[in-house]
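Visitor: Make the full structure from the sequences, and use the hints.
Each chain, letter by letter, is given below.
2 protein chains.
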Amino acid sequence: MNPFSDEKIVDSWSKNITPWIRAINNNEIESRIGVTNRAILKEVINRKPKNVLDIGCGEGWLVHLLTEKGINTLGIDVTEQFISYAKKYRKGKYMLLSYKQLEEGLNGQLFDLIICNFSLIGKNSVNKMFKSISSLLNKRGSFIIQTLHPLLVNSENYVDGWREGSWQGFDKEFVDPAPWYFRTLSSWSSLFNANQLQLSSISEPKDENNNLASIIFVGTHNN
Amino acid sequence: MNPFSDEKIVDSWSKNITPWIRAINNNEIESRIGVTNRAILKEVINRKPKNVLDIGCGEGWLVHLLTEKGINTLGIDVTEQFISYAKKYRKGKYMLLSYKQLEEGLNGQLFDLIICNFSLIGKNSVNKMFKSISSLLNKRGSFIIQTLHPLLVNSENYVDGWREGSWQGFDKEFVDPAPWYFRTLSSWSSLFNANQLQLSSISEPKDENNNLASIIFVGTHNN
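These protein sequence lines are chains A and B, in that order.
Every letter in the first sequence is one number past the one before it in the working numbering, and letter 213, counting from 1, is 213.
Every letter in the second sequence is one number past the one before it in the working numbering, and letter 206, counting from 1, is 206.
Think of the hints as simulated: they come from the structure by calculation, not from any bench.
Take the hints with a grain of salt, since some may be wrong.
[Said to hold, decoys possible] Simulated pairs of lysine-lysine, PhoX-like, Cα-Cα distance not exceeding 25 Å:
#	chain 1	residue 1	chain 2	residue 2
1	B	K50	B	K8
2	A	K139	B	K93
3	A	K88	A	K69
4	A	K206	B	K139
5	A	K123	B	K206
6	B	K8	B	K139
Guide: Following this line, the structure appears as structure tokens:
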């Protein structure tokens, strides 16, 4: 398997399901993701959506919270163990679906809001998925992406391309970190504009020390 | 005079007209601005505008080049010495006008393209000017801003606010550097979206060493 490929991302994640779910449930990574979790929740809640699609939902924490707030939320993920865990222990609806199967798998359902919370780390799978988004959104619907801030992670080698992954800061149960495809700020903006999505907001959550924690892009369906 | 104010910016620039024009004409700052000059020219030419407004045109190098290419270009600046120099030595049309006087001063003229090339360094004057832009653009017209890349200049203190200026790298004829108002990436994007401008492109010019040189935002009139 190509160590820098969309397939390798899925393969690496499949080896880390158990420690990941443990870490989420024990709040072991609260300090890492507390800020970004609150930030994505705020973006979603502020828009008062009736129904939401969470692409790459993992073990389902966000789908669960939104469902508890009365928002009709569907989580999809390509990893079978995540979906079976979420169906068993989390509120909300879940479906096993790869990014490539979006349109056929969702069978004409439309959403007020589509979220990708740190789940767009591939190359071709992401490019292809972006093409489907506007056909899955209601009129004036929005697509929200939270991801690593491009300037923070790569000011030295600021060019699109595959990067090695890392489990730095996690314990030794985490193995074989997934590679990820770095995109510059201008590449992210091009993905929106090339796919009928108006880049209607960029926000930059900060941690308690006033350091940038992530970037959140919001694209609004043009029509 | 408040050392951190829009008025102080104009005052500081008025003291540096002569060395600035000398530096431009002698290509003394080619290494600093060669990349960014080419970048803004490319953005403009690619859009094939029939008429262009250059806000904060300085001594007029860009108006001159666009006029030579057959594009009907008007340069405005608040500094009298720049405008009188440009009228005497540069091709193109020029008008002495402050950012506050845009709408009344231009008297109903509409433009395919409006450019601000490193000329948005104030606070209130910029906020007010942004409100005028969409009323000065033709249908599907664009507003192009080139400025310092927010993440490069201020990753330590990443919050909107006044900053001290500097003539670092220039010779000792340059005095009393103008202060400038720093804006984060998300603040820039909000300025577009709050003023009927769709952020349709973000580009990030690089120098010959592959280091980021600037950022260029393009806003397109919504209607």
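Visitor: If a hint holds in the structure, say so; if it does not, say that too.
Guide: Results for each hint:
1. B:K50 / B:K8: Distance of about 35 Å is beyond 25 Å: violated.
2. A:K139 / B:K93: 44 Å, violated
3. A:K88 / A:K69: Given pair K88 of chain A, K69 of chain A holds - Cα atoms ~19 Å apart, limit 25 Å.
4. A:K206 / B:K139: 38 Å, violated
5. A:K123 / B:K206: 23 Å, holds
6. B:K8 / B:K139: Given pair K8 of chain B, K139 of chain B is violated - Cα atoms ~35 Å apart, limit 25 Å.
In this structure, the earlier hints numbered 1, 2, 4 and 6 are contradicted, and the remaining ones agree with it.
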